[in-house]
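Asks: Given the sequences, and given the hints that come with them, work out the whole structure.
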Amino acid sequence: MKSSTYFLLAVAFCLLLAVPASYANETVLIEDDLGRSINIGSPSERVVFTMENALKTYYAVGDPDNVVALKDDKWMRRLMEDVFPVVDPNFEDKILINITGDQLGLESLAKVDPDLVVLWASSPDDPNILAINDTLKVPVFAIYVTSLDDVYRQVDTMGIISGNTDRASEVKEIMEGYVELTTNVTDQIQESDRPGVFWMWTDIYGTAGVDSGINDLIDMAGGNNVMKLAEEEAQNLEHPVINQETLIKLNPDVIYMWYNEDLDPEDIINGEDFQGLRDINAVKNRRVYEISNPYLFDAFSPRMPLALLHVARDLHHDKFQDVDMNQTIDQYNVDIWGVHYPSMVKA
Amino acid sequence: MPSQTEKMGMARERITGRSLLYYLFLSLPLFAFFSSIFIGPFHINPVQLVDLMASKILGYATDYPDVYSTVIFQVRLPRLLLGMMVGASLSVSGAAFQGIFRNPLVSPYILGLSSGAAFGAALSLAFLPGVSIQYAAFFFSLLAVALTYFMATTNRSTPIVSLVLAGVIVSAVFDSLLAIIQIAVSERALQSIVFWIMGSLGTASWSKIYSAFPLFALGCTVMLLLRWRLNVLALGDEEARSVGLNPEKYKIIFIVSASLAASSAVAVAGIIGLVGLVVPHMLRMIFGPDHRTLIPLSLTFGASFLIVVDDFARAGLGFEVPVGVITTLVGAPLFAYLLRTTRSGGWE
Amino acid sequence: MNPGVITEGISLSYNSRLVLGDVSLQLRKGAIVTLLGPNGCGKTTLLKIINGLLRPDSGKVYVDGYDVSRMGQTDMARLMGHVPQTQRSSFPFTALDIVLTGRMPHISALSQPGPRDLEKARQAMDMVGASHLSSRPYTQISGGERQLVMIARALAQEPSFLLLDEPTSYLDFKNQHQVLKMISRIARDQKVTVVMTLHDPNHALMFSDELVLLRKLTEKECGDEQKFKGESNCNHQNVVAAGRPAEVMTPENIFEAYGIEVEFINVRKSLILLPL
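Those protein sequence lines, which keep their order, are chains A, B and C. FYI, in our numbering the residues of the first sequence are 10 to 356. FYI, in our numbering the residues of the second sequence are 292 to 639. FYI, in our numbering the residues of the third sequence are 85 to 360.
Careful: at least some of the hints might be erroneous.
Using C-beta positions, here's what the derived DEER-type ranges look like [claimed, not checked]: (1) A:158 / B:474: 27 to 37 Å; (2) B:474 / A:241: 52 to 62 Å; (3) B:627 / C:114: 56 to 66 Å.
Heads up, incomplete: computed chain A residues facing chain B, CB under 8 Å, no partners named [unchecked claim]: (4) 242; (5) 246; (6) 251; (7) 255.
I should point out that these hints are in silico values taken from the structure, not numbers from a laboratory. Every residue, glycine too, gets a C-beta built ideally from N, C-alpha and C.
Replies: Structure representation (C-alpha cells):
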C-alpha cells in the first residue's frame, strides 16, 4: 500500500479511539453538607445510600438503577411499605449494607464496589468517613441537614450526583409550590393570632432551639416557637432540654409532639405523670398534637411541605378547613415520585 | 503550754460531741429547704408563696392562680423532697461504706451498684419499654451488689480486699454489657440513656417519692440504729470479734442497708456522683470519725447539699443541667479546700 | 486447784506445718500466767485459741468451766478481754472512743453506749493511768500509749480473764517494767486472771505466778516429710514445762526451748537468767 493510505488508516484509528472517550462520564468537584470537597462522577452509577432522607430525595430526581445498595436496618426496611419499592422495583434486593448502631460494615460495602457512599455524619472526623476513606478509597458524601434550606440544597446535590440537574430544579419548584399552599395563608396571619408553640421531641422536655429547622417550620406554619421567650443560653442550643417548671413558665398555647411511640397527646393532657402541666394553656385547651406518621410528615426530607401543612392545619384549623389532606398527599407523591399514596399505584 | 497535737485534740473535742456546730449542721435541711422553695424559673412573689403554703397547712382559702399551686406543690415540693431523700441516702451510704471498708476513698458505688443500675436503666430504655426504668435500675443495682458479695465470700468470711476486687470485676462486667447496649441502639435511645446516667432530679414526682421512700427509710433507719457498731468495726475484724461483735454479720447488715438506701436513690435519680464520697469525708474532717455523730450528720448535710446544688441545676440556666454534673463541679473544689486546711486530710 | 483455763490436747497446723501439738494445760484462776518461748513457738496462737479468735484443729478449751467452742461471742467477750500486739486504726478516733468500744458486750442489740458505759470506760482508763489521753486522737499518740488504751479497752469489757499479747513490745526499758507492774496490780485489785505472752524470760520470772514454757516445732521434726514417711517418733509436744516459775525455769528446760545455755543468778531473792 501507499504510505498515504497507512497515514489515513492511522488517523481513522485514532479517531475511533476518541469515540469511547467522548462517552466517558464527567467527574465533578462537589461540596458535601460538611463542606468537604469530593470528586464524584456525574452521574455516579454505583451509589450506596445509608441515609433514608437522602435516598428519598434521590429517588425523586435520579435513575434508581444507579443505586446499588442500601443499609440494612429497621428504618430502611420501613421504606418498603412506602412508595419507594414502586419507584425502584429492586429496592428489597439492594438492602445489603450491614450496620451496627452507627457503624457501617466495611466488608459489605466493599462487596458492592461502590463509586460513592452517601451517609449521615455530623463532623468530618466521623468514624465511618475515616474508615471508608482509609480502606475503600471511595468518595463519601456526608449528609447533615438541620435547616429547611438544607432540604432544598439536598435536592440540588442529588441532582448533581444523578446527573439530572433539570429534574432537580423541577422538584424544587414543586416543593416550593406546595409550601406556598401553606405560607400563602400563614403569611397573612397577624402576630397576635400566632399561637406559642412548644415542640416536644421524644425526650419530652427536649425541644427545638431558635436556630433550628423546626423553629422555621413553626414560623412558616403560622406559630411562634416559645423558646424565643426562653433564657438566652437555652435558645441557642439545637436541642435544649428544659424542665417542667420552665415549661409552665413559657406557657405555650400549643404543644406539638414529634411522633412518640410511648406517649400520645392524651397522656400529656390527662396523664398522672404530667399533672404539673395542667395549668398550661395548651393542656387546658386540649391543644396537644402529634405528628402521626413520621415517614409521611418528615420535615427534613422531600416531604417537608407535607409536614408544614400538617402542622399549619393543627395550628390554624379554621384557615385550612377546605384543604383535602388525603388528596394533597396523594397528588404530592405523584408529582415528586410518580406513585399514588397510599395506594402505591404507579401514576 | 499545750503542744500542737494537744491543741488539735482539744479543738476536736470542742467540735465532736454535742456542740453548737453539730446542732447547726443537723438543722441545715430546714434552712436549705426554706430557701430553695423560693427558687425556680417560674417567678412567684415570696410573700405570696409563704401565704399559699400557710393556707395549705392551716386550711384557709386563697385566690391565687391555680398555676402557683401547681408549681409549688406539684413541681418544686416533690423535687425538693426527692432531692433531700437522694442526698441523704447517698451520703449516709457513703459514710457506712467508708466505715466498713476503713477507707476514705470509698463511695456507695464501690460494689458495682452504679454499673448495675446503669445497665438496668439502659436495658429498660432500649429493649423493654414496658418495664419501668426505676425498677430495672433498682433490680440490677442490687443484683450487682449481691454478685460482688458472693464472689468475695469464701469459708464464711468476706475480706474487705476481696469485696473491693470483686466490686471492680462486677462493675467492669456491667459496664461492658452497657457498652453493648449503647452500640446497638438508635441515637435517640442512646441520648436518653446517657442523660439518665448523668443523674438528674428533673423527673421528680410524688409517685417517685412514694415508691422510693420505704426502702430508703428502712436502710437509713437500720444504719442510724446500729451506727455505733461502725466504731467497733473500725479497729479490725479480729479486734471486733474480741469484744463480741461478729464482723461478718455486721458487714452484711451494713452492706445490705446501705445498698438498699443507695439503690432506691439511684433508681429515681440516676447516678449522682461524688456526694456519697465527699460529704461523709468532709464531715469527718470537721467533726471527727465517731459514727454516732457522723451518720446523722451525713443524713442532714447530704440532704441539704444536694438540694442546694439542684437549685443551680434547675434554675441556674435556661435549660436543665443534670445535677450529677454539678455535684462533681461543686463538690471537688469544696473538698480540695477542706483537704488543704485539715492536717493529713483527717486520716493521719 | 481452782481451774481458770483448761486446755486439752490443742493442736493447730498452719499451711500444713504443725504449730501447736497436743497442748494440755491447767492454769489457775486468779493467777498471772505467762506464755514464754522463742518466736514461732505458737504462744500468740495459743492465746488466740483460748480467746476463741482461732479454732484449733483438735482439742478443747475451757475457761471458767465453760467450753469456749460452745460459747456465744457476747458471753465470751464478757468473760475474756484480749489485747492484741499490733494496733492500727484508719480513723483518728479519740482514745476514749476506742476504749468505749470495749463496752460492746454490755450493750444491747439496738442501743448505743449510755452514761454508765461512759463511766466504765473512764474508770478503765483511770486503772491504766491513761486518763490524760482521753481526748487525744488514737492515731497521734505513741505506740506505748496506744497499748495502754487497748488494755483499758479490754478492761472496759469487765472481764474475769485478761489476755495480753506481748504487752511490752512498744515500750522502752522503764515503761516495760511499769506496765507489767500495773498489770499485776490490776490482776490483784480486780481479781482478774491474766494470761500474757512475753518474750523476755526475766520479765516472766519477775511477774508471773505460773509459767508455760513453749518451744518451736521445727520442720525437721514434724514437717510433711516426716508425716508422709509415717514416722511416729515425731515429737509434737511443744510444751516444755508448765507450773511455778522456779520449777519451770531450769537451764535444761531453757536449752530445750531456746537452744542456748544459761545460768541463773540469785539477786536479792530474785532469780535472774543470764545467757552464756
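Asks: Taking the hints in turn, state whether each one holds.
Replies: Status of the hints after comparison with the structure:
no.	hint	result
1	A:158 / B:474: 27 to 37 Å	holds, 33 Å
2	B:474 / A:241: 52 to 62 Å	violated, 36 Å
3	B:627 / C:114: 56 to 66 Å	holds, 58 Å
4	242	holds, 5 Å
5	246	holds, 7 Å
6	251	holds, 5 Å
7	255	holds, 4 Å
Figure legend: structure checked against the earlier numbered hints; the only hint not met is number 2.
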